[in-house]
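Student: Below are the chains, spelled out letter by letter.
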Amino acid sequence: NAGVMQNPRHLVRRRGQEARLRCSPMKGHSHVYWYRQLPEEGLKFMVYLQKENIIDESGMPKERFSAEFPKEGPSILRIQQVVRGDSAAYFCASSPAPVVGAEFFGPGTRLTVL
Amino acid sequence: DAKTTQPPSMDCAEGRAANLPCNHSTISGNEYVYWYRQIHSQGPQYIIHGLKNNETNEMASLIITEDRKSSTLILPHATLRDTAVYYCIVRDPNFGNEKLTFGTGTRLTIIP
Numbered sequence: 001n002a003g004v005m006q007n008p009r010h011l012v013r014r015r016g017q018e019a020r021l022r023c024s025p026m027k028g029h030s031h032v033y034w035y036r037q038l039p040e041e042g043l044k045f046m047v048y049l050q051k052e053n054i055i056d057e058s059g060m061p062k063e064r065f066s067a068e069f070p071k072e073g074p075s076i077l078r079i080q081q082v083v084r085g086d087s088a089a090y091f092c093a094s095s096p097a098p099v100v101g102a103e104f105f106g107p108g109t110r111l112t113v114l
Numbered sequence: 001d002a003k004t005t006q007p008p009s010m011d012c013a014e015g016r017a018a019n020l021p022c023n024h025s026t027i028s029g030n031e032y033v034y035w036y037r038q039i040h041s042q043g044p045q046y047i048i049h050g051l052k053n054n055e056t057n058e059m060a061s062l063i064i065t066e067d068r069k070s071s072t073l074i075l076p077h078a079t080l081r082d083t084a085v086y087y088c089i090v091r092d093p094n095f096g097n098e099k100l101t102f103g104t105g106t107r108l109t110i111i112p
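Keeping their order, the protein sequence lines are chains Y and D.
Residue 45 in my numbering is what sits at position 45 of the first sequence, and the numbering runs on without skipping anything.
Residue 52 in my numbering is what sits at position 52 of the second sequence, and the numbering runs on without skipping anything.
With the rest of the complex left out, here is chain Y (with noise of 0.2 angstroms):
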């Protein structure tokens, strides 16, 4: 059972672009978290998300970010017109419950936004 797939690992993006970023949770897990950590500071929580509905988004900027976790396929963060600010890892978990500590993080995005 192959852990959680975050892709790319690495992205680069000029000021205005679009940016992104999928998730692809454990086999059997139908709840995803994503989380934002800018360099030298601890992950901050951005949005939950079960199977085509999105449980708390209480983390997630009010423009520019959006979230989905469709029936089929992986979860997607999407970020328009990135500004430099959004330059972070972004780092997705996925569990098969909402039981935290039952949760697995994958390995992260990098986004550079030059």
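One or more hints might be untrue.
[Claimed, not checked] The calculated BS3-like cross-link candidates involving lysine-lysine, where the alpha carbons are at most 27 angstroms apart (straight line), are:
| id | chain 1 | residue 1 | chain 2 | residue 2 |
| --- | --- | --- | --- | --- |
| 1 | Y | LYS71 | Y | LYS44 |
| 2 | Y | LYS27 | Y | LYS71 |
| 3 | Y | LYS27 | Y | LYS51 |
| 4 | D | LYS69 | D | LYS99 |
| 5 | Y | LYS62 | D | LYS99 |
| 6 | Y | LYS44 | D | LYS99 |
| 7 | D | LYS99 | Y | LYS71 |
| 8 | Y | LYS62 | Y | LYS51 |
| 9 | Y | LYS27 | Y | LYS44 |
| 10 | D | LYS3 | D | LYS69 |
| 11 | D | LYS69 | Y | LYS51 |
| 12 | D | LYS69 | D | LYS52 |
| 13 | D | LYS3 | D | LYS52 |
| 14 | D | LYS3 | D | LYS99 |
| 15 | Y | LYS62 | D | LYS3 |
| 16 | Y | LYS44 | D | LYS3 |
| 17 | D | LYS52 | D | LYS99 |
| 18 | Y | LYS44 | Y | LYS62 |
| 19 | D | LYS99 | Y | LYS51 |
| 20 | Y | LYS51 | Y | LYS71 |
| 21 | Y | LYS27 | D | LYS52 |
[Unchecked claim] A partial selection of chain D residues facing chain Y, derived with a Cβ cut-off under 7 angstroms:
| id | residue |
| --- | --- |
| 22 | GLY43 |
| 23 | PRO44 |
| 24 | LYS99 |
| 25 | PHE102 |
| 26 | THR104 |
[Stated by the list, open to error] The following label-pair restraints were derived from C-beta to C-beta distances:
| id | chain 1 | residue 1 | chain 2 | residue 2 | range |
| --- | --- | --- | --- | --- | --- |
| 27 | D | PRO7 | Y | MET5 | 29 to 37 angstroms |
| 28 | Y | SER66 | D | ILE63 | 41 to 49 angstroms |
| 29 | D | SER41 | Y | GLY73 | 24 to 32 angstroms |
| 30 | D | ASN30 | Y | ALA102 | 16 to 24 angstroms |
None of these hints come from the bench; they were simulated from the model.
Note that beta-carbon positions come from the ideal geometry of N, C-alpha and C, so glycine has one too.
Chain D: place on chain Y using the hints.
Tutor: Frame of chain Y; chain D shown alone:
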């Protein structure tokens, strides 16, 4: 989630026990203590959690004080691969809110 306080960094000699403290003086009765670690350039990894009794698993031991205002994560025989940032988190698992709130953690360096 209740706030936690951890030292920013610690060193430990390889083969010795690493004891990582965490203060959580405002913890409430339903909140558990969770520990995660993040090895450089990787995603966080769950280690252990507990409510009030001491806990042990294959990775570590968790000692929680009787008043539950602090706890210590113990890595009994630290190896170089244990070098990581360790996060102590308190939360109520029954709250219905599954998000984790990470602080800045303790950067543990294992010295050869």
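Student: State for each hint whether it applies.
Tutor: Here is what the structure says about each hint:
no.	hint	verdict
1	Y:LYS71 to Y:LYS44	holds (26 angstroms)
2	Y:LYS27 to Y:LYS71	holds (14 angstroms)
3	Y:LYS27 to Y:LYS51	holds (13 angstroms)
4	D:LYS69 to D:LYS99	holds (22 angstroms)
5	Y:LYS62 to D:LYS99	holds (18 angstroms)
6	Y:LYS44 to D:LYS99	holds (9 angstroms)
7	D:LYS99 to Y:LYS71	holds (22 angstroms)
8	Y:LYS62 to Y:LYS51	holds (22 angstroms)
9	Y:LYS27 to Y:LYS44	holds (25 angstroms)
10	D:LYS3 to D:LYS69	holds (11 angstroms)
11	D:LYS69 to Y:LYS51	violated (38 angstroms)
12	D:LYS69 to D:LYS52	holds (10 angstroms)
13	D:LYS3 to D:LYS52	holds (17 angstroms)
14	D:LYS3 to D:LYS99	holds (14 angstroms)
15	Y:LYS62 to D:LYS3	holds (25 angstroms)
16	Y:LYS44 to D:LYS3	holds (14 angstroms)
17	D:LYS52 to D:LYS99	holds (22 angstroms)
18	Y:LYS44 to Y:LYS62	holds (15 angstroms)
19	D:LYS99 to Y:LYS51	holds (17 angstroms)
20	Y:LYS51 to Y:LYS71	holds (6 angstroms)
21	Y:LYS27 to D:LYS52	violated (33 angstroms)
22	GLY43	holds (3 angstroms)
23	PRO44	holds (5 angstroms)
24	LYS99	holds (4 angstroms)
25	PHE102	holds (3 angstroms)
26	THR104	holds (5 angstroms)
27	D:PRO7 to Y:MET5: 29 to 37 angstroms	holds (34 angstroms)
28	Y:SER66 to D:ILE63: 41 to 49 angstroms	holds (43 angstroms)
29	D:SER41 to Y:GLY73: 24 to 32 angstroms	holds (26 angstroms)
30	D:ASN30 to Y:ALA102: 16 to 24 angstroms	holds (18 angstroms)
The structure shown violates the earlier hints numbered 11 and 21.
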